[in-house]
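If you read the protein sequences in the order shown, they are chains A and B. For the first sequence, this note's numbering puts the final residue at 113, and the numbers step up evenly by one. For the second sequence, this note's numbering puts the final residue at 228, and the numbers step up evenly by one.
By construction, these hints were calculated from the structure, which means they are not laboratory data. Backbone N, C-alpha and C fix where the C-beta goes; we use that ideal spot for every residue, glycine too. Treat the hints with care, since some could be wrong.
As the list claims (entries may be wrong) - Going by beta-carbon spacing under 8 Å, a handful of chain A positions derived as facing chain B:
| id | residue |
| --- | --- |
| 1 | T15 |
| 2 | N31 |
| 3 | G40 |
| 4 | F48 |
| 5 | Y50 |
| 6 | G58 |
| 7 | I60 |
Stated by the list, open to error - To be clear about the criterion: a stretch of chain B counts as covered by chain A if any three or more of its residues have a C-beta under 8 Å from a C-beta of chain A, and this derived list gives those stretches:
| id | segment |
| --- | --- |
| 8 | 125 to 134 |
| 9 | 149 to 157 |
| 10 | 160 to 174 |
Said to hold, decoys possible - Restricting the straight-line Cα-Cα distance to at most 20 Å, the calculated cross-link-like pairs of lysine to any residue (SDA-like) are:
| id | chain 1 | residue 1 | chain 2 | residue 2 |
| --- | --- | --- | --- | --- |
| 11 | A | K57 | B | I162 |
| 12 | B | K116 | A | G42 |
| 13 | B | K116 | A | P61 |
| 14 | A | K55 | B | R214 |
| 15 | A | K71 | A | E22 |
| 16 | A | K57 | B | P153 |
| 17 | A | K3 | B | I162 |
| 18 | A | K3 | B | P153 |
| 19 | A | K55 | B | Q215 |
| 20 | B | K116 | A | G58 |
| 21 | A | K18 | A | V112 |
| 22 | A | K18 | A | S82 |
| 23 | A | K70 | A | E22 |
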Amino acid sequence: DVKVTQSSRYLVKRTGEKVFLECVQDMDHENMFWYRQDPGLGLRLIYFSYDVKMKEKGDIPEGYSVSREKKERFSLILESASTNQTSMYLCASSTGQWGTEAFFGQGTRLTVV
Amino acid sequence: AQKVTQAQTEISVVEKEDVTLDCVYETRDTTYYLFWYKQPPSGELVFLIRRNSFDEQNEISGRYSWNFQKSTSSFNFTITASQVVDSAVYFCALSSSGSARQLTFGSGTQLTVLP
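Same shape as in the complex, but just chain A (with noise of 0.2 Å):
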């Protein structure tokens, strides 16, 4: 059974907190995303990767940084949590191949306090 899986399920931060978010995949895939949701929006893209140390920002990657060391695992960092960051993050893997399903973690909801 493929899988993605994002490191907390909920976490609770304060304000100026350096925060990582870590997911991995075991599918061997190339394309990593990260997605945040809000209510209203949809869910909007942060940063993707489609390789190893390679990085592409998204709609809104302001406040964010990304880093991808090993093929299975990208993390999305917040270098110094807001409020405005309280959210459910979304991680996402894909083959490299261009038009196939992204696979989705469960996410993590972020509360910035």
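With the hints as your guide, set chain B onto chain A.
Chain B alone, transformed into the frame defined by chain A:
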């Protein structure tokens, strides 16, 4: 640029009713893929269907059916004889050749099926 619009924010139906979820997309590309995903209360998005821009054939899978019409830039999703387990948020998404690695999602439709 590409855009997906799901105008229905919330829909509520009674079990066994049919329900159609609307999806309208915008893209300048002639080659693209459309997707539907389901997000149950557990939170994980589940892939339902993919359609490419050259295949306008409608698809039926059990109680689910999809109507793709390029003339109106729509990719609507119908659930026949809805069940309580169909309650979820449904997302339509688009990936165009001009932005090949990105999936753009609509804002989602919350479907509630009442017993």
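Against the structure, the hints come out as follows:
1. Taken as an interface hint, T15 of chain A does not check out: its beta carbon lies about 25 Å from the nearest beta carbon of chain B, beyond 8 Å.
2. Given hint, N31 of chain A at the interface with chain B, holds; its Cβ is 6 Å from that chain's nearest Cβ, closer than 8 Å.
3. Satisfaction of the interface hint for G40 of chain A is found here, the shortest Cβ-Cβ separation to chain B being roughly 6 Å, below the 8 Å cut-off.
4. Restraint check, F48 of chain A versus chain B: the minimum CB separation of about 6 Å is within 8 Å; hint holds.
5. Taking 8 Å as the C-beta contact cut-off toward chain B, the hint placing Y50 of chain A at the interface holds, the least distance being around 6 Å.
6. Among the interface hints, the one on G58 of chain A holds; its C-beta lies about 7 Å from the nearest C-beta in chain B, closer than the 8 Å criterion.
7. Taken as an interface hint, I60 of chain A does not check out: its beta carbon lies about 12 Å from the nearest beta carbon of chain B, beyond 8 Å.
8. Only residues whose C-beta sits within less than 8 Å of a C-beta in chain A count toward coverage, and the segment 125 to 134 of chain B has 0 of them, not enough to reach three; the restraint is violated.
9. With 4 residues having a Cβ less than 8 Å from any Cβ of chain A, the segment 149 to 157 of chain B passes the three-residue criterion, so the hint holds.
10. Counting residues of the segment 160 to 174 of chain B whose C-beta lies closer than 8 Å to any C-beta of chain A gives 3; at least three are required, and the coverage claim holds.
11. Note on K57 of chain A and I162 of chain B: the hinted pairing is violated, with a Cα-Cα distance of about 27 Å set against a maximum of 20 Å.
12. Between K116 of chain B and G42 of chain A, the direct Cα distance comes to roughly 12 Å. Compliance with the 20 Å bound is thereby established for this hinted pair.
13. For the proposed pair K116 of chain B and P61 of chain A, the alpha carbon gap of about 18 Å is at most 20 Å, so the pair holds.
14. With a CA separation close to 11 Å, the supplied pair K55 of chain A and R214 of chain B stays within the 20 Å bound.
15. With a C-alpha separation of about 13 Å, the suggested pairing of K71 of chain A with E22 of chain A holds against the 20 Å cut-off.
16. Taking the CA atoms of K57 of chain A and P153 of chain B, the gap is near 28 Å; set against the 20 Å cutoff, the hint is violated.
17. For a cut-off of 20 Å, the pair hint linking K3 of chain A to I162 of chain B stands: about 19 Å separates their Cα positions.
18. Proposed proximity of K3 of chain A and P153 of chain B is supported: the alpha carbons are some 17 Å apart, at most 20 Å.
19. The hinted pair formed by K55 of chain A and Q215 of chain B meets the criterion: a straight-line CA distance of about 12 Å does not exceed 20 Å.
20. At roughly 14 Å between alpha-carbon atoms, K116 of chain B and G58 of chain A fall within 20 Å of each other, so this suggested pair holds.
21. At most 20 Å may separate the alpha-carbon atoms for a hinted pair to count; K18 of chain A and V112 of chain A meet this at roughly 11 Å.
22. The hinted pair formed by K18 of chain A and S82 of chain A meets the criterion: a straight-line CA distance of about 10 Å does not exceed 20 Å.
23. A hinted pair counts as satisfied when its Cα atoms are at most 20 Å apart, and K70 of chain A with E22 of chain A qualifies at roughly 12 Å.
Taken one by one, the earlier hints fail for this structure at numbers 1, 7, 8, 11, 16, listed in ascending order.
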